[in-house]
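Chemist: Spelled out, the chains give:
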Amino acid sequence: MTRLAKRTSKKVGLPPGTLVHVGKKKARKVRMTLIDYDEEHFEEREVSEIEDCFPFKDLPTVTWINIDGLHRADIVEALGSYYGLHPLVMEDIMSTGQRPKLEDYDGYIFVVLRMLGYAKKTRQIEDEQVSLILGPNFVISFQEREGDAFDPVRERIRTGKGRMRKMGPDYLAYALADAIVDHYFLILEHLGEDIERLEGELVTDPKAETLQAIHTMKREIIYLRRSVWPLREVVSRLQRGESPLIKDTTLVYLRDVYDHTVQVIDTVESLRDVVSGMLDTYLSSISNRMNEVMKVLTIIATIFIPLSFIAGLYGMNFVYIPELLLPWGYFMALAVMATIGLVMVYYFRRRAWI
Amino acid sequence: MTRLAKRTSKKVGLPPGTLVHVGKKKARKVRMTLIDYDEEHFEEREVSEIEDCFPFKDLPTVTWINIDGLHRADIVEALGSYYGLHPLVMEDIMSTGQRPKLEDYDGYIFVVLRMLGYAKKTRQIEDEQVSLILGPNFVISFQEREGDAFDPVRERIRTGKGRMRKMGPDYLAYALADAIVDHYFLILEHLGEDIERLEGELVTDPKAETLQAIHTMKREIIYLRRSVWPLREVVSRLQRGESPLIKDTTLVYLRDVYDHTVQVIDTVESLRDVVSGMLDTYLSSISNRMNEVMKVLTIIATIFIPLSFIAGLYGMNFVYIPELLLPWGYFMALAVMATIGLVMVYYFRRRAWI
Amino acid sequence: MTRLAKRTSKKVGLPPGTLVHVGKKKARKVRMTLIDYDEEHFEEREVSEIEDCFPFKDLPTVTWINIDGLHRADIVEALGSYYGLHPLVMEDIMSTGQRPKLEDYDGYIFVVLRMLGYAKKTRQIEDEQVSLILGPNFVISFQEREGDAFDPVRERIRTGKGRMRKMGPDYLAYALADAIVDHYFLILEHLGEDIERLEGELVTDPKAETLQAIHTMKREIIYLRRSVWPLREVVSRLQRGESPLIKDTTLVYLRDVYDHTVQVIDTVESLRDVVSGMLDTYLSSISNRMNEVMKVLTIIATIFIPLSFIAGLYGMNFVYIPELLLPWGYFMALAVMATIGLVMVYYFRRRAWI
Amino acid sequence: MTRLAKRTSKKVGLPPGTLVHVGKKKARKVRMTLIDYDEEHFEEREVSEIEDCFPFKDLPTVTWINIDGLHRADIVEALGSYYGLHPLVMEDIMSTGQRPKLEDYDGYIFVVLRMLGYAKKTRQIEDEQVSLILGPNFVISFQEREGDAFDPVRERIRTGKGRMRKMGPDYLAYALADAIVDHYFLILEHLGEDIERLEGELVTDPKAETLQAIHTMKREIIYLRRSVWPLREVVSRLQRGESPLIKDTTLVYLRDVYDHTVQVIDTVESLRDVVSGMLDTYLSSISNRMNEVMKVLTIIATIFIPLSFIAGLYGMNFVYIPELLLPWGYFMALAVMATIGLVMVYYFRRRAWI
Amino acid sequence: MTRLAKRTSKKVGLPPGTLVHVGKKKARKVRMTLIDYDEEHFEEREVSEIEDCFPFKDLPTVTWINIDGLHRADIVEALGSYYGLHPLVMEDIMSTGQRPKLEDYDGYIFVVLRMLGYAKKTRQIEDEQVSLILGPNFVISFQEREGDAFDPVRERIRTGKGRMRKMGPDYLAYALADAIVDHYFLILEHLGEDIERLEGELVTDPKAETLQAIHTMKREIIYLRRSVWPLREVVSRLQRGESPLIKDTTLVYLRDVYDHTVQVIDTVESLRDVVSGMLDTYLSSISNRMNEVMKVLTIIATIFIPLSFIAGLYGMNFVYIPELLLPWGYFMALAVMATIGLVMVYYFRRRAWI
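One line per chain: the protein sequences are S, X, G, W and B, in this order.
At the far end of the first sequence sits residue 354, using my numbering, and the numbering has no gaps.
At the far end of the second sequence sits residue 708, using my numbering, and the numbering has no gaps.
At the far end of the third sequence sits residue 1062, using my numbering, and the numbering has no gaps.
At the far end of the fourth sequence sits residue 1416, using my numbering, and the numbering has no gaps.
At the far end of the fifth sequence sits residue 1770, using my numbering, and the numbering has no gaps.
Just so you know, nobody snuck in bad clues.
Stretch by stretch, here's where chain X covers chain S in the computed footprint (C-beta under 8 Å, at least three residues): (1) 299-310; (2) 314-320.
Chain X is nowhere near these chain S residues, computed Cβ spacing over 12 Å in every case: (3) Leu14; (4) Val22; (5) Lys24; (6) Lys26; (7) Arg28; (8) Asp38; (9) Glu46; (10) Thr61; (11) His71; (12) Ala73; (13) Arg99; (14) Thr122; (15) Arg145; (16) Phe331; (17) Met332.
Just so you know, these hints were derived from the structure itself, not from any lab.
Just so it is clear, CB atoms sit at the ideal spot from N, CA and C, and this is done for glycine as well.
Isolated chain S, as found in the complex (with noise of 0.2 Å):
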């Protein structure tokens, strides 16, 4: 739950702009690396204080700042001061528990970002806050944790294929983005993988765990729809070109990721909406096995209730009963019990509970 409420009441009453970190430390260390590119040039470096970043600033070439871990904020403010960022955005950086949004500040766009993740035991969904600053010629990227998401995008800097090192800041911002809704896609199939699985169980052997299970992930869903919705806003307002610092040539690759949004929001309300009718069949198959029970009972109670009665009733003591004194009484009263009986079972077959 404290997933779904995660503000803590640590920020009430501060003045804006606070620097306090929001949010569980998921990194041990604060891990800063610097690519520095254009066409010809490449320059990859970790550092370690963030002082050494600022001389890039007036390059001409394109520079990506990355920090991984996010409790320091001596960090994030002087990186932010050097790089004129509004108090309120350094703040934002640091409380993680933002919903994803697009700011346009004067010189530079703020994106905030969440990158998933999904935990197969637990069946959780894990999330992280993902900041991006998009400058003219510089992108400032800040993630929770070390991460392997933007490799890929790293590999294509270093390699120098695709249009990547032709292109300038908003294509590597496009490039994270990217990645990171891609990786939406890698949750996608785990989730459903799984309501997969639940969904055999559910038809061969539903188990009160399978229904705990899809109480579990209609939960996920709920939270991960969370993550999702605004997303699509944020990349719809970067594809309409809006800000000067995006180019119109990566404006088309913009729109191919909102086109990745939309088919992650439609993947992830299909999942609802089967996640649901799921219930709705455990539900329906209990009450169908309960039915069942009771027709078990009801047959074999109905059937012999009425049998044990006349049983009882030979069984009394009375000095005089006329039928026990009848030589073939015994037998008489078998095939009587025996007529119930079939009687019974008859009308249990015309009303085709047998």
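Here the structure of chain S is known, so what remains is to put chains X, G, W and B in place on it, guided by the hints.
Modeler: Using the frame of chain S, we list chains X, G, W and B on its own:
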């Protein structure tokens, strides 16, 4: 479920525009056909090398290139390069999990549609991606496998009946889109008949399999909606006539396709409501039956349990039970039992249980 | 179900504008009537050949041609060609599964409406397509079968009462649309009465048939909504007065029709909510009854099962059971049984089960 | 149900503008009152002939004509003709099933509102149509029956307190609309109290009548929503100030009415949610109770059925049953029975059933 | 429920602008504080007579007047008249059932917000109306009772830290709105924790009280939504910066508040979905348990009822029952019984009931 979360992981991390076929390989061999026509002239042939199509690009006649089978990247690449398609368009043609969409590029329109099929036995809707490229004097269509939905269009071109040969490539594109949407009605008819049959079963003899079939139906309709809703947007944008590639005389025909699309959506939504209603019917009929079963059990048990108790009473072996010694004790006991039984029956009648 | 997925497969694959009658043939013979009038003059006659209507086209008077029966393509074709209708319009007139729509062509407006009927016995809503063509001095109406909904309009033209004869063809078209929408209120009244009666049954004596009737009602309302919602859009567009064929003095009347349409939709939505509520009532009353049945069973069984056990105990044939030898043993046993029974009754009272 | 599908069939087929009273006749006699005022002057009188009101039309003072009772077409006709009302307006005034609406005619505004009442005993919402005509120097109001909702307005005119006498007829119209909307809060309070009482019953002692009452409540709220939602649109259009008949100083007051309307809708929606929740509570509490009942039955039956079997075993009359001959056989049997009973009780304890 | 339909009847019929306090009187005494500041200067004092505040109106410094307690009409009246507030504004300040709204008057902006509180014990959300008047150089705030939510703002003014003292009254109004919205997160955290605890209970040990608590939670969330949704509109309008009273530098801060509001709504919606899901879980777990109970009963009864019948059979007192005379009859009977029992057990095993 893989149907619900289709875009596979093999694309994740690749640069945009990389041509990789995503989806099941549904055709063994790629088949390419070319039809070239104007009002007087008509030529149709199957081509083995995609390069054979290139000379037609510069002729003023309408050229329709149809590719069945999407697994060969080299063909898509060669064709795309020659006709100046954007790398993302080529990528989308080969990634078969696209939702219907329309993209307006410089010099051509790119449309993704989905062709549906219905497997009667498994009650599963199968679908296939159809991509159309509409240029100033050509239409290129890509299908995942050979299908006969386009045959009537071919026939109309061959015979030269109707307006087909007199109009441009935009009318051809309309005819193809119309053929696809018309095909939806077939699917809906099949679905409708199946639902009708299920409804009959539901009234006469509801079984666990009926429930299963209803759930399957519901899922297929969830799936169908996903294909149909974006289709409306695509056709709506086509029919608004924003592109110079589509002539005004064709617009009225596209409006007709739009009407059909809306009708398809209407029908899908109604089917969905009906199927949901069937689930309710099923559940309430099970409740009803359970109630019946319970009543029978209760009536039998409630009548005989007290009687059995009395019989048990006089089956006790106490040395002194005055009633046992009465010569008419047995008949008195029977009379008491009969009275109790009749009172019970009367009570149930009054409660309208019998 | 065929009612829900109506457009049949015989049209699939045909070129647009092919005239094929789609739907059930509801009239045996095509009946054509012609009314021609202005403020002073009035002429009404039944025509046997459609060509007899043609001379009226060029007269300045208002001409109303009404065709009942749509299965003869030649009539529609001849009329359409003479009056310059677009092939798609003629096609739509003959395909009776159209949803209500309005299309603005050059020189005329084409409106599709649906006339409803309600079969009291089967509780089924039947509907019929009505197409109207409004031209500068004529109105052509097509119905699937003869109906009396237009009779009051004819009567008003004949008698010359009200504004009818003083106004143009747009007012006539309004009058026809108004007659159709007014007819909806009749249907709604019938539906409303049936729902009222069902509600009564639900309270006094719910049976399985009541449930069945509620489900039928629900489906008919799904069906009704499909006809009614697009109607609103049609009338709304008419009333916005975008076409020069509709004069300003008529607009206020169309606004009135629009109000009625909104009222129809309102009522349909309310009926739908009420019917949904009835299903809930039914289910909860079944739950209630089941609970009652269970309680009776439980009370009887719970009281007598222990007593029967005690009776069984002293029915055992052990050689030495001390209680059996006591002369007042039987009465003691009876006393114990009575005590147990009373305690049970007290317990159920306290739990408010009795 | 007739309340849900009100517009009766007697209007069907009549030409537009025909004055027929539709709805129940709620007042025996038509009562007409006239108030004429400006800042200095005030005149109030009951008129017996509608013609007595006519001279006031040309005075510069504000004239308010109020008609209670709508069944006399001649009065509406005479008044309407003199004040130049459109025939459709007169028709709408007399057809009492109108939904709230605003129509802007040349020279006057026509507003239909609905006044609500709540019959405590039957828990039914009753409603009545109120029509207002706002002209340049007059307001005409039509009510179905005499009511006291307008009395405070009259009182304010009489005493001359507040702004009333200083402002024009638009302020008077505002005051009347405000009085009607204020009245809604009374209804909501009554409804709210009833719902509160029902909720109490639901927790302490849910009965079948409670369920019935909840269902009635739900239906009344469906009904209420139908009156309230269009009201918002009406007041919103008034407050947008498009008509020259409404002065800018009055707009801020209309905005206030609009706020109240939104608040009414909010409350209605909340009440609806709460009532829906109550149904769920009821159903789950019944499920709970059924579970309780089942448990008691199961515990008793499960404990005693095996014991009775043992007793039955030793009640058999076989010539040789070794246990029967043992002198301590009876006590052994009792011991076995006690053991079985205790094991059962232990088992139920562990399963937390007891 | 009175919480749901709050606006009381004492206002009905009064002229607009009448100052009557509506709502519970939550503060015993009205407390007025005044803070006056600019960048260099700071003054804070508690005032006993409202007139003491008036001289500050004409100073260029920012003046913040805060009134706790709304039951004294004379204070609101005096303050409102001096500051030129519209009578309807004063009325709204005193009627505490207002929904959040923003009204733009000539010379000042009037904002109504709702401050929330959460009573842990009763799990009830309490709320309070906060009205803000933002003028060119003053902010007036009205609260129903003293609260500490504004204390951090006061502290920031006192210490002069951050931007507070350098900016105008619009920034102060922003700070107050921000404090209120921040407070919502606290409430959501509390709610979230309670829901988390309930979820735990639901899994480990669902009781009737759990159900009750879930229902209460659901109602509180209905209530919460009513306060939160209109809040979004208010903040959205503030942040669009249409009023000259709000400077551009403040807009970016208001955008931040808007983001928080959207986040609050997101969280409320998620909580609502989760609580709805919990109800489903509860119901399906009850169904599950009932099924368990039924199975136990059925197994025991179905095994022993036939056995008891056989025992009863040989307890009959017929003079001639051949089996009884066999010396090994008893053992044979036992053997038959054991066989039947084992067959039953085997049958239940196969059906997976045991």
